[in-house]
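**Student:** Full structure from sequences and hints, please.
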Amino acid sequence: MAQYGMVIDLDRCTGCRACMVACKVENNTPQANFWMYVFRFEEGEFPNTRVSFMPRPCMHCDNAPCVKVCPVGARFKREDGLTATDWDRCIGCRYCEVACPYGVNYFNWKDPEANYYLNWDDPGVSEITGGGLPYANPALELAYGSENRRTAGGGHLKGVVEKCTFCVHRVEKGLQPACVEACPTNAMHFGDLDDPDSEISQMLRKRASFRLLEDAGTQPRVHYVGGQPPTTETRQIEEVKVRA
Amino acid sequence: MAINRRGFLKGSAGVAGGALAASFLLGELETLAPASSEAAALSEKWIPTTCWIGKQDCGLMARTVNGRVVSFEGHPDHPRNLGKLCPKGAGQITALYDPNRVKAPLIRTNEKGVPGTWRQVSWDEALELAAVKINEVRERDPRLLVWQKGRSKAKALYDKAFVKASGATKMGHGAYCSDAGYRALEYTIGQHGVLHPDFRHTRYLLSWGWNVTNAGGNKLCWLTWPQQLVQAKERGMKMVSIDPRLRSAAHFADEWLPIRPGTDLAMALGLCNLLIERGTVDRSYLRRFTNAPFLVQEDGRFLRAEPEGEDEQGKALVWDEALGRTVPYDTEAISPALEGTFTVRGVKVKPAFEVFKEHVAEYTPAFVSQVTGVPQQQVAQVARELGENAMIGSTMEIDGMQLPYRPVAIMAYHMAQQELGFQALRAMLMISMLLGAVGAVGGQRCDFTWKAHKNWAKLDEIKIKEPPYNLYLKDSKFYPINSALPGIAAKVMMTPEKYGVDYVPEVLILHHTNPLGSFPDREAFIQAYKRFKFVVAIDPWLSLTADLFADVVLPAATIEKYEGPLSATDQYVDATALRIPPMNPLFESKGDIDIYLDLCEKAGILYGEGGYLDHANKALKLEDPYALPLDRRPTVREIYERWAQASGIEDGVAFFEKSGVKVKGPVSARKYYGYATDPPFAGAYPHRLYGESLLGYQQQMQAMGVDKLYWQDYTPLPVWRPMTLERSPQEYDLYLMSHKLIEFKQSRTPLPLTVELAPRQFMEINPKTAKARRIDDGDEVWVESHNALSGDTRRVKVTASYRESIRPDTVSMPHHFGEYVKHPWIKGQGPSPNSLFFTGEGYVSNTADQTYLVKVQVTKA
Amino acid sequence: MATRIERLPYGIGRWSAGWTILLGVLLAIITVGVYAYYQQLALGEVVTGLRDIGTMGGAPWGLYVSFVVYFVGVSFAGITVAAMIRLFRLKHLRPVARMAEVLTVIALILGAFSIIADVGQPLRAVVNLFRYARPGSPFFGTFTLVMSGYLFGSLVYLYLDGRRDAALLSKQPGRLQSFYRLWAAGYRGTPSERERHSRASFWLAIAILPLLVAAHSTLGFVFGLQVGRPGWFGGLQAPGFVALAGVSGVGLLIIIAAIVRRVLGAQDQLGRNIFRWLGSFLLVLTLAYLYFMIVDLLTSTYAAHHHEVRITTALLKGEYAWLYWGVVAALLTSVSILTVQYIPAPAGVRLPAAWPRFVRVAGVALLADGMLTASQAIPAIKQSGFAFSPQVVAVLIVLFIALLAVFWVGLLPLIRGKPIMTAVIAGVLVNLAAIGKRYLIVVPSQTYGTLLPYSTGSYSPTWVEYSIVLGLVAFGILLFVLFMKVFPIMEVEDSMPL
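Chains as they are written, first to last, in our numbering: chain B, 196 to 439; chain Y, 10 to 870; chain V, -19 to 478.
No lab work stands behind these hints: they were computed from the structure.
Be aware that one or more of the hints could be misleading.
Simulated coverage check for chain Y against chain B, where a stretch passes if three residues somewhere in it have a Cβ under 8 Å from a Cβ of chain B [what the hints assert, rightly or not]:
(1) 68 to 80
(2) 749 to 763
If the Cβ cut is set under 7 Å, some of the chain B residues that face chain V in the computed set are [to be verified]:
(3) Val267
(4) Gly422
(5) Arg438
In this text the structure is predicted, and so the values were computed from the model without any measurement.
Yeah, the Cβ is synthetic: ideal placement off N, Cα and C, and Gly gets one too.
**Tutor:** The following block contains the structure:
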C-alpha cells in the first residue's frame, strides 16, 4: 500500500500561485475557497530583507486533529495516508476547522451556483454549455476508495466542509495532483513515502527538510526542503484575503 | 464496503464504552482501505493547442469532456513550458466561456469619447461599414489608415499580409516594452534582442531589473526563464539582483543591489571602470571583434584610409603595435593597439578603447555609489566577482569546437524603458564586451540563435530627412533611431505642425490592443484618439479604448481558432507550434484570420496581385505548388495546411492537431554561439563599442536646429546625466516606478481566477517613508505625479502597502488593473500607473521609447 | 365530596392578562428567530458573521457555540441542587428543587437546539450524529453524556419527584386530569411507595453527580484538547467549565426562584434562608472560578508561547479587553456583594453607621488619586496607541478598587440583610459574565489563534445570529411558563390531603 506524501522545494518556488489556480480549475472550488494557498513572505528591514514563498496544501497529517474531532467520521484517514472528507456525510459542524492548526478547511457558506465567479447561466453561455459551471469536472462527483465514499469535493454542497483532497480522483488514476502537475518550476513533488526509490523519498534523504508546526505533533505528510519555516518575524505580503 | 480490523465499524459502533475509552484516550484514527474506483465512462478527449494569453505561446493540452473544454494543462513536449503552466494559463478557462465577451458585432449608437452604447448587428453589416470607411480613406491617402496591434500571433497574416494589402501605417507596442534595448543591441552587436544568459553554462548572472518571479526576461513572457534559472541555481550559478525592489528576484538573488531607479547607466559604466582597473578585460575579443582599436580623432570621428572604389569613406585605421604604424582594421595578422596616444599625419589619435577607458575613469565607485545609492563595496565586490567568474582566456569544447568560455552574463529586458534606456543598455552590454562574454559559452546572449539583424547596417547609416514626417516621426530629426511609439503618434496627432507632420490619420484599426489601458499617458491618448474619425476594434473584450472610441467592434475568438506559426524554442531546442481550436469559436466570434479575410473581401483587397492572399503567400513563403490561389478564398485551415506542407511537415495541420508542437531538435552550437557561426557573429562585427555614427546623428540634428533635449543622448559612448524628471520641484520627492504581477502580466483578458488573487491596485512603499508621512499599511493615499517639462500634474488615489524590500525613495505600482471597463471583476480595481506616467518630451528617450518613471508626492488621503 | 379543593395550587391553568402579554411577547421573539433561521437555511451561513479560519480571516465558531456551552452550563444547577437536597438532606431547599430540575431539562433542550442552529446540515446532523457517532470526538461526550444521558437522567428525576404531586392533582377533575393520572401512574403515597421512591431517587442522585462532572468536563474537552488552537489547549478547561457552569446555573436558579416567589407570592415557601444558602453556594463557586481564571491568566502570560501571548494580549488590552474586564468586574462585584451577608449584624450595622464619613472620604480620596494619575497617564495612553502601558494599568486598578470600595460601602446599608436582592443582583451579574466568558473562550482563539502567519481574523455576529439566540432564550422561557401552568412548580405541601 503506497503511502502518499508531498515534498515542496522552497528553493524552487517562485510564488506564482499557478498551483492555486490549477487547483481551483481542477476541483471547481467556489470563490474564496483555496484548497491550495501560497504564502508570500517578507522578513527583515531595508536593505537586509528576505522575500520567500511557501505553498500550503492540506498537510494530510498522520495524527490529524481534524479526523480526531469529527463527530460523524466524515473526515477520515485512508490507508494510503490521504486525509479524506466524505462530503456526503459531513454535517457542517466545522469542528475539523477549529481543530486544524494549518487553516486548510473551507466551509461552503453559500450555494456554489451563487459563488462561481461569473454568471454561467447567461443565455448566450448556457446555450452552448447547457448551463452551470462550464468547466465542471465530472470526476469530483464519484465515490473513491474501496470504502466507496464521495471524497473528491463533489458539487461543493452548501453547509459542508471541504479541503485539499490531494486530488484523490487523479491519484487513483495514477496521475499527479493538479498543483504538482501545474507547478512551473517543479517545486512540488508527490509520491510514495514508503518507497525508498520514489523521488520524494530520495529528496528527503538527500536534503534537510522540515514540516510545518512539527511540535503540534500532527505528523504532516507534506515536507518542505530548502528555505526555512516561517518565524514570528515573517510578514505576509500580497496576501489573498477573501471572505465568501 | 471492505473494512479492516481497526475499521470504521468500531468507530460507529463505538458507543460501546470500551471503544470509547480506546479511541478517546489513545486517540487512534479509523482508517479505510482504498482501492481504485471505477470512474464513470466519460467521452474525454485531449486536444493539443497553444496558450493564447501571453507572449511566449506555451503548449497546452485542452481536456474536453463531451466536447466541452474543462481544463488546460501544460503540453509535456513543448520546449517552452515542458508540461507546466503559469496562473494565467490555467485560469484562462473562464475566458473561453466568459459571458462578458463581445458576443456579436457591435456598432456604436452614441457619440465618441464617452462610454459606448451599442447595437448588435450582423457580421455583414459591421464588415460592410468598416470596409467602406477603410476604402474611402485609402483612396484619398493610405497614410490616413492606421493599424495598431497589441500582440499579434500570426505576424505573416496580420502585420505583413493585411498591413501590406491595405497600405496601413503599422504601430506596435514594442516601444513600451523593450525596444530601446533592441535598438541598442542591434546597433552595437547586430543582434535582435536584449540580454539573457546561456543558462546551461552561466556561473554568474546579473539579474538587472529582471522581475524573475513575475514577468519578462528577454523575449519570453515568463515561464521558460524561471525553469532554466532554478536549474542553473542548482548547478551553483550565483545571481546578483540590481533592482529597486527585491520582490522581483526574491530568494533567487544571492546579492541585492537596491539601485536608484534610472541610474543603471552610471552603474554599468562604473563596473566597466572597475573591470578595466582590475585588468579583467578580454583584449583578444576587443581587438578582433570590436572597434575598440579603431583610432579616434579629436573630433570624435575615426581616422580612415583613403576611400577605395565607390564606398564614400575609407576603412577605419588601427595602430599595429608590431609594425608601429596604422593599418586598416581588417588587415590580417596584426596586433592592434588598444591603449596609448599616437600622432598620425599630424593628428593626435587614440584607440577607441583608450577613449572609453578615459571616459569611464570618471565613474569612480564613489561617484557611482552617490548616483545609484548602492554602497561602494557592493559595487566593487560585483566587479571583482564578474572578473573572477569570467575566466578570461579559458575555452570549452562544444560539438568538437574549442569555444571561449566566459560564464558571466546579464539578464535585462523591460528595464530598458527609461529615459537613458538606449545608452544604458549599450553600457550594460559593454560590461559583457569587456569580459569577452558576448557570444561565448556561458556568456552573453541576446537572441535564440546568432544571426545578423538588418538593423545592424541600417542603424549605422540612417538618412535623417527634412519634414514632412510620418505619424511616428520615422527618420526624423527628432528621433533618428526610432521605435514607432504610439505615445509620440498621439502627441503628433494633437500638434502635427510642431513635428512637421502634414496630416492627421482618420481611420484606426485596433487589433487586440487597448492603448488607453496599456500605454502612458492615458490623457494624451484620449485627446489624440478623439481625432480619429472612424475606429474599428478587433477584440474578444470591450476594452477601455474601444468603449470610448470604437465605431465598430468585431468579436474575435480567444483560443478557439487556428493561428500561427508560433516559435516554440526555449533557446536550446528548436520547435514550431500552431494554435489549434479546442472548440468552435464561441458566440458569434470569429478567428482573427477569418475576420481579415472577410474584411479584405469586403474591401476588395483579398484577391489578385498585391492582394491579401498574394501577400500571405509572400509572408508565409508559399510557392507553387503550395501557394494560395489568388482567385479563391481559402479556409484558415487550408492556409496552414499549405504552410505546413511547404515547410516539410507531411501530415500538415493534422500533425499539429495530433501533436500540437513540431520539435525539430536541439539548436546546433554553430547557430547558437557567436564564436561558432561562420563567419563569427554571423558577420555582424566589428562590434560598435564606439558609436561613431551616433555622433554623426547628433551633429546632423544640431545642424538641423533641434532642441538639445532630442540630441543630447546621441553620444558615441554612453554618458550619464541626471534624468529630465529630476527637474520636478523637490516636493515631488519620490520616484514612482511600475512593475508587473504574474497574475496579470501579458494577459489580454480579464481572468476572475487571477483577479481574485490580486483584486485591487496597491502601491508598494517603504515603511520608513510611509511613517514619515503618517501613512499606515493599507491606508488610502494620494499619489500626484509631475511633468518636469510641462508642469502638468496627475493624481490618483491608491492603497499603500508596506514593503521593507523596496528603496525608501521609491514607490512602485503594478500594471494591468482596470483595463476592461465592462467586466464585473475589473470594475473598481483602482487606477493604472499609466494614468500617472507621462509620454512625450522628457519621458520619451532619444530613441522614442516610453519611460516608466516619474517623480511623485505621496500624501495620506 | 365535601373536602374538594376549589383551585389547583400555584396558579396552574389560570391565565391573567399579564401571562397573555408575556406569552405574546415570547411568541413574537420566537417568530423573529424562526424567520432568521429560515434565512440561514435558504441562503447558507453566509448570512452569519462566521467565516473560515485562514485566508478568509474569520471564525467558524461564534455566538451559536458560545450559547451551546452557556446553556449546557446552566443545566448544571438544577440537577446538582436537586441531587444535593436528596443526598445531604437539605430539607429547606426542597421548594426550589423542581424549578431547578425543569431549568436543567429546558437548558439542555436549548443546548441541543443551538447545536442544530450552528451546523450547516441540520437534517444530516440529527441522523448522522447518532448513526455515525464517533467516541473519538470530544463532541461525542457532549451528545451522549450531556444531551442524552444527562437529559434522560434529569427527566427521570423530574418524573419521580413529581409523581406525588401528580397523584394529588389527579384527584381534581379538569382538562389536565388525565395528564396527571398518566404522570402519577397509580402512585398512592403509601409508606412503602414513599420508601421505594426515596431510595430510587437517592441512588439516581448518587449516579447523577459524577455524570454531571463528567458531562461538563467533556464540554471543556471540546476545546481543551485542541493543540491547534492557542488559548484552548490546556488541562484547566474541563474543571473551569464545571465551575463556570455551576456559577451560571446557580445564578439563574436564584433569579428564577426570585421571580416565582414574586409572581406566586410564595414568600413563605421560598424564604430568605433559601436565597441566603443559594447565595453562599454561588459565592463559593464564583470564588472557585476566579481562582481558575487567575491560574489560567498566569500560565498564559508568564513565559508563554508567543501564540498564547498574542491572544492574551488581545484579551487584556486588545480587541476584547472591554469584554474581558467587564467579565472580571461583574464577577468581582457579585463576590463583593455576596460577602455582605457574612458581616456580623452588629458590625454590619455599625460599619456604615460609624465609619461612613471615614470610608466615603477614603473612597473619594482614592478616586481623586486615581483620576489624578489618570490625567497624568492620558498622554501615555495616547502615544502608546491602544496598548495599555504599565502605569495605565496601575491607574485602572487603583480606580477600580476605589470605585469598588465606595460602591461597596455606599451600598452596604442598602443591601445588608437583603439576601434575596443581593443574590439576584449577583445572579444577573454572573450570568452576564458567564455568557461573556463563553464568548471569550470560543472566539479569540480563532481570530487571534492562527499558528501560520495568516493575518488577524475578525468576527462580529449578524442580526441572524442574535435573533436565533434570542429566539432560543424566549423559547426556553416559554417552556418554563407553560410548565408552570400545567404542573406545580414547587412541591405541594403535605397539608393537602390525599
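**Student:** Which of the numbered hints above does this structure break?
**Tutor:** 4
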